[in-house]
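**Student:** Chain order of the listed sequences is A and B. For any residue, its number in the numbering used here is found by taking its place in the first sequence, counting from 1, and adding 1. For any residue, its number in the numbering used here is found by taking its place in the second sequence, counting from 1, and adding 1187.
Be careful, since some hints might not be right.
Stretch-level coverage of chain A by chain B, calculated; a stretch enters the list once three of its residues show a Cβ under 8 Å from a Cβ in chain B [as the list claims (entries may be wrong)]:
hint	region
1	39-45
2	48-61
3	72-82
4	98-104
Chain A is nowhere near these chain B residues, computed Cβ spacing over 10 Å in every case [stated by the list, open to error]:
hint	residue
5	1236
6	1373
7	1395
8	1414
9	1431
10	1440
11	1446
12	1463
13	1470
14	1608
In silico DSBU-like links for lysine-lysine, alpha-carbon gap of 30 Å or less [unchecked claim]:
hint	chain 1	residue 1	chain 2	residue 2
15	A	72	B	1536
16	B	1273	B	1630
17	B	1680	B	1572
18	B	1535	B	1572
19	B	1654	B	1679
20	B	1273	B	1661
21	B	1661	A	90
22	B	1465	B	1431
23	B	1661	B	1680
24	A	72	B	1572
25	B	1646	B	1561
26	B	1273	A	90
27	B	1630	B	1646
28	B	1351	A	72
29	B	1539	B	1346
30	B	1572	B	1536
31	B	1572	A	90
32	B	1465	B	1408
33	B	1431	B	1446
34	B	1661	B	1679
35	B	1680	B	1646
36	A	90	B	1465
37	A	72	B	1465
38	B	1535	B	1646
If you are wondering where the hints come from, they were derived from the structure by calculation, not from laboratory data. A virtual CB, placed ideally from N, CA and C, is assigned to each residue, including glycine.
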Amino acid sequence: MFARLFKLLFKRKVSSNADVVLQVEAKAEINAPFEIPMEPLPSLPESATAEELCELMDGMTHEEVRAQLSKLYRRHNRAASSLNPELRKQAERMLDAIVEARHRYLDFNSERS
Amino acid sequence: MSNHIGIDLGTSTSGLAYLRPDGNPEIVPNADGERLTPSVVYFDGNEEIKLVGSAARDGGDPDRTVFGVKRRMDDPDFVVTIDGEKWTPTEISAIILAKLKRDCSAILGDFEDVVITVPANFNELARKATINAAKIAGLNVLRIVNEPTAAALYYAHSKKIYGKVLVYDLGGGTLDVTLVDVDSSSDSYRILLSEGARHLGGNHFDEEILDLYAEQYRTQKGGELYTNEMERRRALQSGEDAKKMLSKLQQVSGTVGNKDRGLARVELTRDLFEGAIKRLLTRTVMLVEQALEAVDLTPGDIDHVVLVGGSTRMPVVRRTLEDTFGFTAVSCGNVDECVALGAALFAKKAAKVAEVCNHGYGTLALVDDPETGKESLQNSVVIPKNTPLPCSISETYATSEDNETSIEVDITQGEDDDPRYVDIIGRITLQVPEGRPAGCKVKVSYSYDENQRVHARVKDEESGISKEIQIEYKGEGVLSEEEVERQAAYLKKLRIE
Ligand SMILES: Nc1ncnc2c1ncn2[C@@H]1O[C@H](COP(=O)(O)OP(=O)(O)OP(=O)(O)O)[C@@H](O)[C@H]1O
Ligand SMILES: [Mg+2]
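Throw the hints in and build the complete structure from the sequences for me.
**Tutor:** Pasting the structure below:
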């Protein structure tokens, strides 16, 4: 794979002589010294259903639902141990939604299968 | 004195084992006559003494009792304050280890060298914190080993289990699923993969029972089961006791409550309990699926499934594995001791074990999508998770703009392409000469040692300028080398019982 380095504009630059050992700031600030123009995390509205959170669409086959849920599980199980508290919180909510959707669509005695 | 000592520093209980001259590992009991020591520390208010174990757990004042600190080992900001003094998770763990060292050396003779186990999914920070805790306790860590790996060694040794083995380790705070290829002829162990779920274990089942109790209490008494930490702890402990009974009985009843709002009789059936934890059990199933998928295996490819951790005593755990995957799991009975026993075996057989890295590392880069032709900011993985250790991997990138004089490389931890879902744990900045066009090559290399510590190196190919770092974390809950030494001297004088 060949990729191009991203040229970033930093609000606060990491000192250029921070050689050998780079000190990473405490968890809460861990992203702060490295402000990167990234899209924010998606917001998860209180009222969103498990289907909405997991982006399950009408007409998806059993296999498509399974693939979608397992992809989301991988992402959010990892995120549940992130250093970023906001991400960890979102991940817990998503894991609950993933499990709820799975019970509804993929369990042996579920309504759909 | 034995040369091969293993310690399982668990969320709920900790244990120490040594290798007997006949080559069999054995648990060494603590001075209270117990084979496992609850990982609980009580800071007494009257005497300058720290209680560890059952006495601490059943001691009383929750403001002076520290439980489950292992879950905080990867939190750089976590400290507990008692009598105005701050204690990091490392120091609390050191007190537990010091108790094990003192008690067991009365039986084994003095020792310092040990192998300590950690959950497979422990990150760098938590591994370093564990090594520091041992140092403070006057121990020298020969190696850190993953808990499921240690357990696999024990099963191979005691049950002669070989082939593709899936270790299912459900303890107090975490679930680890590890696939090991055990070769009987060479007695060697090749880890194929390790996946973990951090907040999934016995403690979370206890919380579900607490909710059921609170609901029953509200119905009967019209009030809250607990309004402070002391009341909550008591109810939680009753819940855990009931949970253990439900591993044998279909139904249990008991009384919970307090003297102000009165006692209530609570009932729990196995069905009700299993229904309440179904959500959590499904998460365990999905982790096993993820593990199998990652190495492209089906349940039929697995030769044995072995159970580790106290929570695998719940019949529903075994049944879920059987119903979902058709696995007939093997249990050694002493599921909460096998990690310590395996750690003692590992102390002797470390050279026969090949591990994999438990986290992926990469960097942020603009990546071309060959389909759309568009560029997007992505996490570009350099060392994928589950790469065999030790390893060193490089990727070459190119600068994106003319006249870049400062090249900044972000170090990420995580496997997701989407940069929002990974942790940025460091940055390397290289100053390079002016006036260069875009497209200059930059090599990013990561290497991973056997203790799962990561080094990163960035090299500007044209100028030859390079820089190497090892990630260090900072925060209130992280001790410096000097603090570790100071605390080691302090702990020597401390009364720990
Ligand atoms: N008979 C039983 N039935 C149900 N649960 C049990 C039983 N015995 C022990 N447990 C649970 O097992 C958990 C402790 O297991 P174990 O000692 O293996 O964990 P640990 O090593 O302390 O935790 P971890 O490995 O997550 O750090 C506790 O939550 C306890 O309630
Ligand atoms: Mg354990």
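**Student:** Run through the hints listed earlier and report the numbers of any the structure violates, in increasing order.
**Tutor:** 2, 13, 14, 15, 16, 17, 19, 35, 38
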